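There are 2 protein chains.
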Amino acid sequence: MDKYKVTFHPSGRSISVDEGENLLQAAMEAGVHINASCGGSTTCGKCKIKIAGGAADSPMHPKLSPAEYEEGYRLACLTSIRGDLNVEIPPESQVDKAALALKGDREQASYLLSPKDIYQLVQGWDVDPTVFKIHVEMDPPTLEDNVSDLTRLITAINRQHGINGISTDFRVIMKLSRILREAGWKVTVTLVLTRKGYKLINVEPEADSRQNYSIVVDIGTTTIFGQLLNLNECKVVACPDGICDGTRLFALAEASDYNAQISFGEDVIIRIVYAQKPGGLKKMQETVVGTINGIIEELLGMSRIDRSLISHMVVAGNTTMTQLFLGIDPKYIREAPYVPTAHFIPPVRAVHLGINLGEHVHVYTFPMVASYVGGDIVAGVLGSGIFQREALTLYMDIGTNGEIVLGNKDWLASVSCSAGPAFEGAGIKFGMRATSGAIEEVSINPHTYEPMILTIGMVKPIGICGSGLIDAVAELIETGLIDQNGKFRLDGATERVRKGPDGYEYVLARKEETRINDDIVLTEIDIGNLIRTKAAIYAGCKVLLDSVGLSFRELDQVIIAGGFGRHLDLEKAMFIGLLPELEIGKFIFVGNGSLLGARLLSFSQALLKEAERISLMMTNLELSNHNGFMNEFMAAMFLPHTDAEAFPRVQERLRLKKKAA
Amino acid sequence: MDKYKVTFHPSGRSISVDEGENLLQAAMEAGVHINASCGGSTTCGKCKIKIAGGAADSPMHPKLSPAEYEEGYRLACLTSIRGDLNVEIPPESQVDKAALALKGDREQASYLLSPKDIYQLVQGWDVDPTVFKIHVEMDPPTLEDNVSDLTRLITAINRQHGINGISTDFRVIMKLSRILREAGWKVTVTLVLTRKGYKLINVEPEADSRQNYSIVVDIGTTTIFGQLLNLNECKVVACPDGICDGTRLFALAEASDYNAQISFGEDVIIRIVYAQKPGGLKKMQETVVGTINGIIEELLGMSRIDRSLISHMVVAGNTTMTQLFLGIDPKYIREAPYVPTAHFIPPVRAVHLGINLGEHVHVYTFPMVASYVGGDIVAGVLGSGIFQREALTLYMDIGTNGEIVLGNKDWLASVSCSAGPAFEGAGIKFGMRATSGAIEEVSINPHTYEPMILTIGMVKPIGICGSGLIDAVAELIETGLIDQNGKFRLDGATERVRKGPDGYEYVLARKEETRINDDIVLTEIDIGNLIRTKAAIYAGCKVLLDSVGLSFRELDQVIIAGGFGRHLDLEKAMFIGLLPELEIGKFIFVGNGSLLGARLLSFSQALLKEAERISLMMTNLELSNHNGFMNEFMAAMFLPHTDAEAFPRVQERLRLKKKAA
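Keeping their order, the protein sequence lines are chains A and B. Counting from 1, one number per residue, gives the positions in the first sequence under the working numbering. Counting from 1, one number per residue, gives the positions in the second sequence under the working numbering.
Source of the hints: derived by calculation from the structure; they are not laboratory data. Treat the numbers as computed from the prediction; the structure is a model and nothing was measured. Virtual Cβ for every residue (Gly too), placed ideally from N, Cα, C. The reader is advised that the hints may include incorrect statements.
Derived DSS-like pairs: lysine-lysine, alpha-carbon spacing no greater than 30 Å straight-line [claimed, not checked]:
hint, chain 1, residue 1, chain 2, residue 2
1, B, K186, A, K277
2, B, K460, B, K487
3, B, K186, B, K196
4, B, K331, A, K175
5, A, K196, B, K609
6, B, K175, A, K277
7, A, K609, B, K609
8, B, K277, A, K175
9, A, K175, A, K186
10, B, K609, A, K175
11, B, K282, A, K175
12, B, K409, B, K235
13, A, K175, B, K283
14, A, K196, B, K175
15, A, K196, B, K196
16, B, K499, B, K657
17, A, K460, A, K487
Chain B is faced by these chain A residues, among others (derived, beta-carbon under 10 Å) [unchecked claim]:
hint, residue
18, T168
19, F170
20, M174
21, R181
22, A183
23, T319
24, L326
25, Y338
26, I345
27, A370
28, L490
29, Q557
30, K609
31, N625
Using the sequences and the hints given, assemble the complete structure.
Structure, rendered in structure tokens:
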């Protein structure tokens, strides 16, 4: 894909972008503020810029007069970049040089990997799915050769594909004789590799064996994510009418939803308690399966893939979510000494769990390490390749809990800290998941305090997701609207800061610019919740490093996982003290690490064994009675941290800001 | 057990018997005729004999006057032998010397093996059940040692019992955590050895691990047999109130019933056809499971063993019965080239099939050889040890079909011939299975033509079973009441031969002596059916031997299996031409060979692999288009056979009889 250079004036900042990229997004990525309060949905008309030279597609719009259009004015949110471009930012959006210095120089976001690159984190595997289909042809039986149908089929598989030691699912045997004859002794069979060898799970009349799909699911406490994979092509299925046009989100067959168990309680503990009630466990199991079935319907609908073509399902979840999904009472996860029922779960038939997939589909559950370090983390460690590398790596999965893994190819250690679901939208007044309409990027003009917001799908905003929250808090502190304790400064500099029903708040989007007919605000309570969340995660990392006598500076690599959508602004995450302050080059953002691992496991037999090896080699550090953790947590309850020396770059920027003020 | 000598006068014949044996049975076994037409039920009073000396218990009876009792007269059917005994047979029961010569000298019935001896046919196995229970104790988890419950259990099994490579049934995992804690970390676990290693199928609070039982079932086309085994003691369970007192049959937990599928048709072909109707297969499956569940209830009731103590079920059946039991359409078994669906069936959960046993119980199905040589035959070959011996052995299983195996440790060949269910009571006017009230032994006085009949359980007769039928026909021909074509000689010598509604017949028991308020007769049609049955079986043996260039004389051993109850009189079976005429010493009667094999498989892990090896090494000879078979069948439609030279001893006896007449 062609790369073009876009230069913004008067700051002179530039950024390299792909052909067709949206100009408002490019500006946000370059750290160039352009007022925009409708999320990029082309309704507010505030993102007016002038094309000083170069190629861009940008239509007329009622917010532009014909004369303005003639002079080169465009709406940034309506502009697709078609060549090198010079863009002039109008005065009302401009940030002066002094303010600009505060914002720091943005490094190119190399930590965001392409879908192809992300599979390169793990080495030494080929596309060789755990569940695969093959064609088999047999000679019809004769009086001289009348072995049983199953023996004929197994012998043919052996001869034609060199696969030995196959066991057969009883359900296949039940229908085998009829299918072999109806198919004229030419069939497509589905095999699965288990710990005990190959198992024949389906026989169909000759079909396209490339049509082999799996569904991978990350069961989070707050959010459930699913993707539909083409196993033979080693990728997430592209939706037939989903060419990514900048306004449509779901170019790929991926879907998510709140875990409907939330109605029984937001955190795992309340759910474990609920499961103890009569019928509670069954209800919780059915509830999570209901959410998953909804996601499966959505995936099948958007991809137009027939349900019968799904051969496999891989599930990664924390230990409590996994046990509730399987209907295994999680009671003892909650009671000291915090024991899960099993580390390894044998493949379970999907229909047995109530999952609406074919009779032959089995659910592979990622192995678990401990009560609070589950299959989602093993999947993330698998997907990010830590277990193969020399490099000392910190892996952080930021969800409802913060689970952190430290190690390399020789050793792995983990902790889990109860972080709360702020980044998934819970506990935040207008919080939401990273789906269409969520504010995912925020910039605030340090003089006018007007926001530039971008939403997922560039539609009118309906709430704010995790990455938007990090952006917003970082911008609020950088512009001085809040102090390092997260409290609003009430100097009346902007009417966007006001007293609302829940205390002080900042108005991100006004009623008329939203899809919910209500102002979207960020409250002081929201900010307090965010601080607790980020403090727990940072403290978890610190304690884990301390436990092996290492410091942040010794890390070679930090891998961030979490359902933040496409963007997590690492600089801003460091600015609020969620992440340690290290060179940007050391960070990799893998998005949903559990889904990444689940995809890889679907694609490769070799990684099946690796997943089990990872779960066995990981040592868990229990934080429940850990004094050091509470001290570190308290020390981190500040923006970015009470230990200023740990965040020198942030300190320098805050110092510059004070000087400028 | 003490052995006593009983001598019968005036013939002087004697027999060695066990302490407590019934005198009427001893006489029958010795070939001594005593009139008895009530089956030994103490009602007809005809079996009056005189004790001339020795020890016997025998109570008074209304049919004996006090004077007779004083003189030493007793009813034979009421007499238990307590020491060496001299018995005088009264004139009305006596058979003269000439007639006696005809009856031949009876060899001691060494071909009947004791329950202990029968397990010695197979060498090289120990009591080491496929499904077994062990005690496991664990240390409770601590914060320092909080591995998952399953890992703790598996590790403990490994350390305490040296068992590795255990996989776990998902259902065990579901309830594991609760049970371990309720049981105080002391549990009894049930493991099963499969082709893929050990599988953990049940965990209970600490229980008596010796209480480990299995149910073995032989699914015949006509009759289903079941036994309840104590796996650790390597025997059929003894019923608590079933001390064998000579009138009670079921000292052991064994039960049988007609296969209720009979209502859909007597032979496998009609049932296969029925299974093609809509819902037919399901109905057939449910029907056979219904019969099996009834047998299980009976076994549990008579043994007073709790259902939850049953850990395993082993099933042997012919291929059609096996497929119908499992719900696998047997359609192609019937159509050339006669292909079964599978030779090996993986263990199936009993509840999945509708079997009323615990959730954890799996059904092991004996592997099959061909469409008409099924798991019942593999079980018989396993149980009788043919596959281990140098000796050239003929194995004959006489049921609804006649299945015959020839070979030794190096090779095995089989044929199946459609024999018809005459020996199981079907196609015989008063035919019945070998259960209480069945006439199982018959002697006919060659002068008076009065019968001596013994029933199973020595109760009033209600019908005649396979061994009684063989006895009766042999006696009818020996006494000259029928000719060698099976037709009655109508010389008016006895009113017991008469014309009935179905043609000529012999009255075995009169209305007033039976429990069915009807005369029990044997008709010419019955005899014709018996001739067809025995001809098919004999012809099958002949063709199988011919196919490998061998003759009957070269056989080292003949093993007879079939549900004949306790007794099959080999001499009489040879006399009618069912069995080839060989030295009695070459014969072994194993009773129900399929159940024997099923028991052994339950008792020994080592034999699990042997069963699969047997099914793989056996070559089946297809008789469906075999010209030689039809010729042999026609030649055998005579009593004993059209080839008189093949039965020299029978010829000699018939010659003597003619001379005497």
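Hint-by-hint comparison with the structure:
no.: 1; hint: B:K186 / A:K277; in the structure: holds, 27 Å
no.: 2; hint: B:K460 / B:K487; in the structure: holds, 28 Å
no.: 3; hint: B:K186 / B:K196; in the structure: holds, 27 Å
no.: 4; hint: B:K331 / A:K175; in the structure: holds, 11 Å
no.: 5; hint: A:K196 / B:K609; in the structure: holds, 18 Å
no.: 6; hint: B:K175 / A:K277; in the structure: holds, 16 Å
no.: 7; hint: A:K609 / B:K609; in the structure: holds, 29 Å
no.: 8; hint: B:K277 / A:K175; in the structure: holds, 16 Å
no.: 9; hint: A:K175 / A:K186; in the structure: holds, 15 Å
no.: 10; hint: B:K609 / A:K175; in the structure: holds, 27 Å
no.: 11; hint: B:K282 / A:K175; in the structure: holds, 13 Å
no.: 12; hint: B:K409 / B:K235; in the structure: holds, 27 Å
no.: 13; hint: A:K175 / B:K283; in the structure: holds, 17 Å
no.: 14; hint: A:K196 / B:K175; in the structure: holds, 23 Å
no.: 15; hint: A:K196 / B:K196; in the structure: holds, 6 Å
no.: 16; hint: B:K499 / B:K657; in the structure: holds, 25 Å
no.: 17; hint: A:K460 / A:K487; in the structure: holds, 28 Å
no.: 18; hint: T168; in the structure: holds, 6 Å
no.: 19; hint: F170; in the structure: holds, 5 Å
no.: 20; hint: M174; in the structure: holds, 5 Å
no.: 21; hint: R181; in the structure: holds, 7 Å
no.: 22; hint: A183; in the structure: violated, 14 Å
no.: 23; hint: T319; in the structure: holds, 9 Å
no.: 24; hint: L326; in the structure: holds, 7 Å
no.: 25; hint: Y338; in the structure: holds, 6 Å
no.: 26; hint: I345; in the structure: holds, 7 Å
no.: 27; hint: A370; in the structure: holds, 7 Å
no.: 28; hint: L490; in the structure: violated, 47 Å
no.: 29; hint: Q557; in the structure: violated, 29 Å
no.: 30; hint: K609; in the structure: violated, 15 Å
no.: 31; hint: N625; in the structure: holds, 7 Å
Hints 22, 28, 29 and 30 from the earlier list are contradicted by this structure; the remaining hints agree with it.
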